[in-house]
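K.L.:
What follows is each chain in one-letter form.
4 protein chains.
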Amino acid sequence: MSRKIRMGMVGGSLDAFIGGVHRRAAIMDGEIELVCGVFSSDPAKSKETGKALYLPENRVYNDFEEMILKEKQLPEGERMDFVAIVTPNHVHAAPTKLALENGFHVVCDKPITLNTEEAEEIVALVEKTGLVFCLTHNYTGYPMVKEARQMIASGAIGEVRKVIVEYPQGWLATLVEVTGNKQAAWRTDPKRSGAAGGLGDIGTHAENLAEYITGLKITQICADLTIFVEGRLLDDDANILLRFDNGAKGILQNSQIANGEENDLNIRVYGETGGLQWKQMEPNTLIHKTNQGTRIIRTGVGNLSKAAQVHTRIPAGHPEGYFEAFANLYRNFAIHLRAYWEGKKADPVYDFPTAQDGLRGMKFIDAVIASNKTETKWTDF
Amino acid sequence: MSRKIRMGMVGGSLDAFIGGVHRRAAIMDGEIELVCGVFSSDPAKSKETGKALYLPENRVYNDFEEMILKEKQLPEGERMDFVAIVTPNHVHAAPTKLALENGFHVVCDKPITLNTEEAEEIVALVEKTGLVFCLTHNYTGYPMVKEARQMIASGAIGEVRKVIVEYPQGWLATLVEVTGNKQAAWRTDPKRSGAAGGLGDIGTHAENLAEYITGLKITQICADLTIFVEGRLLDDDANILLRFDNGAKGILQNSQIANGEENDLNIRVYGETGGLQWKQMEPNTLIHKTNQGTRIIRTGVGNLSKAAQVHTRIPAGHPEGYFEAFANLYRNFAIHLRAYWEGKKADPVYDFPTAQDGLRGMKFIDAVIASNKTETKWTDF
Amino acid sequence: MSRKIRMGMVGGSLDAFIGGVHRRAAIMDGEIELVCGVFSSDPAKSKETGKALYLPENRVYNDFEEMILKEKQLPEGERMDFVAIVTPNHVHAAPTKLALENGFHVVCDKPITLNTEEAEEIVALVEKTGLVFCLTHNYTGYPMVKEARQMIASGAIGEVRKVIVEYPQGWLATLVEVTGNKQAAWRTDPKRSGAAGGLGDIGTHAENLAEYITGLKITQICADLTIFVEGRLLDDDANILLRFDNGAKGILQNSQIANGEENDLNIRVYGETGGLQWKQMEPNTLIHKTNQGTRIIRTGVGNLSKAAQVHTRIPAGHPEGYFEAFANLYRNFAIHLRAYWEGKKADPVYDFPTAQDGLRGMKFIDAVIASNKTETKWTDF
Amino acid sequence: MSRKIRMGMVGGSLDAFIGGVHRRAAIMDGEIELVCGVFSSDPAKSKETGKALYLPENRVYNDFEEMILKEKQLPEGERMDFVAIVTPNHVHAAPTKLALENGFHVVCDKPITLNTEEAEEIVALVEKTGLVFCLTHNYTGYPMVKEARQMIASGAIGEVRKVIVEYPQGWLATLVEVTGNKQAAWRTDPKRSGAAGGLGDIGTHAENLAEYITGLKITQICADLTIFVEGRLLDDDANILLRFDNGAKGILQNSQIANGEENDLNIRVYGETGGLQWKQMEPNTLIHKTNQGTRIIRTGVGNLSKAAQVHTRIPAGHPEGYFEAFANLYRNFAIHLRAYWEGKKADPVYDFPTAQDGLRGMKFIDAVIASNKTETKWTDF
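Same order as they appear, the protein sequences are chains A, B, C and D. So in full-length UniProt numbering the end of the first sequence lands on 381, straight run, no missing numbers. So in full-length UniProt numbering the end of the second sequence lands on 381, straight run, no missing numbers. So in full-length UniProt numbering the end of the third sequence lands on 381, straight run, no missing numbers. So in full-length UniProt numbering the end of the fourth sequence lands on 381, straight run, no missing numbers.
Check the hints yourself; a few may be wrong.
Where chains are identical, the list cannot tell them apart; a pair therefore holds if satisfied intra-copy or between any two copies.
[Said to hold, decoys possible] With a straight-line Cα cutoff of 35 angstroms, these simulated DSBU-like cross-link-like pairs (lysine-lysine) come out: (1) K344 / K363; (2) K51 / K345; (3) K182 / K373; (4) K72 / K47; (5) K344 / K182; (6) K217 / K344.
What the hints contain is simulated information worked out from the structure, not anything from laboratory work. Quick caveat: nothing in here was measured; it's all calculated off a predicted structure.
Model the full structure from these sequences, guided by the hints.
P.N.:
Shown next, in the form of structure tokens:
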């Protein structure tokens, strides 16, 4: 179909954080255009955002039900093709379900839902409808993450023995949620964020990254969750021992009270013959260590896997960053959507996280919370 | 004017490098849309590119004259607002002049023209028409470059004494221009690149960055240009001593035979009371050194200048990179364009390189080439 | 006493690792001289080593009993002042005890003994004799470790909340102990190394460093020890959750199968108002992070604590390393010895690890091994 | 000869900087002992230092003439074997000459003398006497410098094309020489330092390092020297273009007004097929770059040259630093001395800078000062 793919958006008013990320990520490669949206539960705010985004007034809606049902009435050549859901966690499930039930594909911010039950419904609905669903665990979109996954899959470091995945941030080191910080407020509110705080917000990214890169599954955990900041309602720190299905061991730690840390998602994987290290804040560098020496693998340099190459836009040394990694998910989603329309299967190199990944993330949260409450060392996951 | 700004593009076929950069940079912030273009001197290739970009057939042209003159005939609500010129250097001046003469604003890739005479014509034409002209010395679009400039202007390191600016690359370490590498071929061809090779391609970025950050002007140079690769027609290495208008001294070196270097533009500035260091390949870090200690300044962290803040999109630790810095130029150009339409002056914080900067770059090339030929130590600039 | 202090050594033949470290560390500051030794359980090897060290033949002994008893017979102006014990773990307790019982001060490599019972005997004997005993947890000798300890003690990062201490190495990634590697052989042999492998060899350094820097005590642990390399007899990997006496949480992990890691002891401490990070492999850098920015603290730069200053020999930028940190322990030991002779108390800034620290390390090993065996989450320490 | 080698020292009172470095470097490997000295031109200060170093009173002299002549009278088994000269520059030549004339070998701090004439005399005297003379251009003692030299010699980066060597410091950014800083005072005083300031103090280290690593000779220079600090008498900054005997080009810059820089000697060398980078402040890392990727070479890791191995004391990850590199010169000097006594030639892998290197450094100073004065671009060296 020789036209741009049309996106409708739920959430993402002007003062939101992740909405602007999704919009830039969606449009930057020229494959997708924003055609409609409901950007806030407050209709005035939604209108104001729509205007700032140069949308026609009649494509800015008051609520997601209206958007989905009215867009469905529009002619094929005009109506949106998919819905991007960028609301707080408690408003993920309902628009996702309504969109899928009405034939719209979906891109949804993570975590997939507020709880496991909702996540299971989404998984079932995606399977039933056969529509394309992408969950934006965006960190898997980086080329060097793709390279690491390919290297491990091809045996470059041998059987994996040890995995250390960390996601420290410092921005919640004090009770900022009562100071008017909107991002902090909903993330620390059980009603809007779910049963987990930092664990759901960033810990699930770490879990997803570890399993994506290693190709392994975590099977047992032993967790110590903490609320360090007095007055906070949800965990702001997690230290977790991991065991994997191949016998590997590991550690997952995330924190939002790690003073001075920005957004330092990072992973180290050690196998029988080598190790790999990647840091999100310097995303174009992948370090490959062996006892014989260290190699710096860089985006765009030398013989990289196809997976790394097709997720890179420019020559080496022109740093691609967070937006481009995020855009890789949207670009891959677009490729799958066009394949869907043509009745074909997309090349698996253009992968993205699925509803199943989202469900796994919810179960991870459940398991960690259970582990944190018990006196028994190991909890199955 | 509550609509996106409309861009027509000259150059940038699918196999080009910088065209895709301009397109992503232009559209990612939702302010600009691509509406037409002539993407190649080969009409078939231009059409193919236009189709891949989902442009209507009638907005893909055979040459820039056709594009500019036909777009001019279109109604106000439809025709392009500005032309983005992303061709090799020898095709910068002609479309720029024709665009300006026909009332279209211009964004032009650097260097502004093939030689100084052409550059002077452009400067005169921009002044005469009053139209908005942006030259994409994109590296000045990084937030930490803005911060460095503000810090020096506000005296944070005292009077500047020493400047070291470097731009090493390694991709031309062998004669790749005869191996079918299109990017190498035109850059090393005097007819398409001009009198300078690496000096014009990357050395002028270094010169522009040094003057932008320090607020100083280079007044004298002493240059040693080299062609290291046998068979090459233009310089692939430059070592240059600098003297500045305040008495500061310095060094500018660029190279395209620095084996293993990717795109390592970097600058160090030492003043009476401190020093600053910035590297393009880790662009979100600015290092502030004094004899009492070192401070790491990071995009999005702490009390930064307004100039740094308004060129940043997301919280700290979510790395913005090359595309976003480039997009800052387009976003600022858009702000100036809307101000132009409203008859206002844009806030100077939203700056971008001008035709004057482009002319200065051409004169720098002239001075370096003259210095390289003479036996006298210092050549005025 | 205006003469060098005289050292006798037990262990440290020419092909040993740590013996040469102790010798260089002891003598480099000109305070101590080697006067005698028994360098191997093989008298021929001991003699050969003594000769290579330019010792007179009559001061090279066949066993430590002979050395201690014969030296005791020598006149005051000639006999050794203290014994340095640099043997494998199972030969720490006996010479230490004999030395103390015969009035010789002792420097002993860590761990203090093979097991807790022996350690308790040493502690009691040190207390009873009042002699000076130094355990070479050498990593606490670095100036930036001293600085970190002082900063935390003075409240520079507020109350400590989270501690992550790591000690990864890769050299035992394969079964090198059967390939003639003498260092690997005794370290993986329960008879010579004790109940723990990597945990005792390097994990106790991590435990000691964490408590030294933070001034806190670990109170509970939850451990997962592994033998990854088939055929090995002792742990080569440890992942441990920590709880501290002030409510802080943490992680300690050490490994000798972390392929490609050299000797990467490192620590991160996060408090209410800031964080600190130190890495042994770049020991002259201490990173101080807060949500307002990052400061690089460097050996010799700016206003450092007295503790950092008195453990630094040369101006900033002349890297002091492993030997100098080790030498700081010997230099401080020498200061204490001279104070002992003068009947004074040495300035506490010249500190070093004691027998009590050694006993604590042995108890840490016991607790980790107990935790590893139980299904209960938390084990008291 | 089965005994330690005996060192007498000229200079190096307790408040000096480099004297303590020489003493530690000399003794740490157990090959050399300090037996006598004249530590200051002030006899009281000399005595005080000798006492602090635990020397017998009768081996602490009032001036170097006395030391050399009296030591000569002592029996073979007692008198010093060589003289270490660690005075300011203007007191290098006289004791060196007297020592050589009286049959003593010499280790001398750099620069070899105050001027070229003196240096030529020393070179002649060394040749005539056949005695062992070592100039402490200590930075060539690092194992990774040895490795870099071996790699280039063996063609690992192809024919060298470009060399950038830098030595920035910041400690003279203000007129500290008038504030009682003894180190600054003599280094900025033409009478004691010679015709050059920073150029002689650190620039010659850079020149020596560049030629040592590359195996090339600088043939032409173009220099711009500056005194930035008002009231200073000698250069505190140098920017110099270089040309080498094989056609390579380069840059040498040194500064003592580079605010916030500690002691950042560093070098980058680019050849036809790769590049090397080394920084003195992280001396155990050597970076090998090619257009296919980057390799981190580390002291003690993998297959290194014999030259690197024999200058390394401990396994990887236990950082050896400035003192150990300095000690490598003394250790090699000791090996040459023993070979001299045995009438043999030492293995050339145990190299150290010679009087010829010292003379070359003096000529470099002359050439730079001449270049700085002339309006002609290139000055022969």
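K.L.:
Now tell me if each hint is right for this structure.
P.N.:
Hint check results:
no.: 1; hint: K344 / K363; verdict: within (32 angstroms within a copy, 56 angstroms between copies)
no.: 2; hint: K51 / K345; verdict: between (37 angstroms within a copy, 23 angstroms between copies)
no.: 3; hint: K182 / K373; verdict: within (30 angstroms within a copy, 46 angstroms between copies)
no.: 4; hint: K72 / K47; verdict: both (20 angstroms within a copy, 33 angstroms between copies)
no.: 5; hint: K344 / K182; verdict: between (43 angstroms within a copy, 34 angstroms between copies)
no.: 6; hint: K217 / K344; verdict: within (29 angstroms within a copy, 59 angstroms between copies)
Checked against the numbered hints above, the structure violates none of them.
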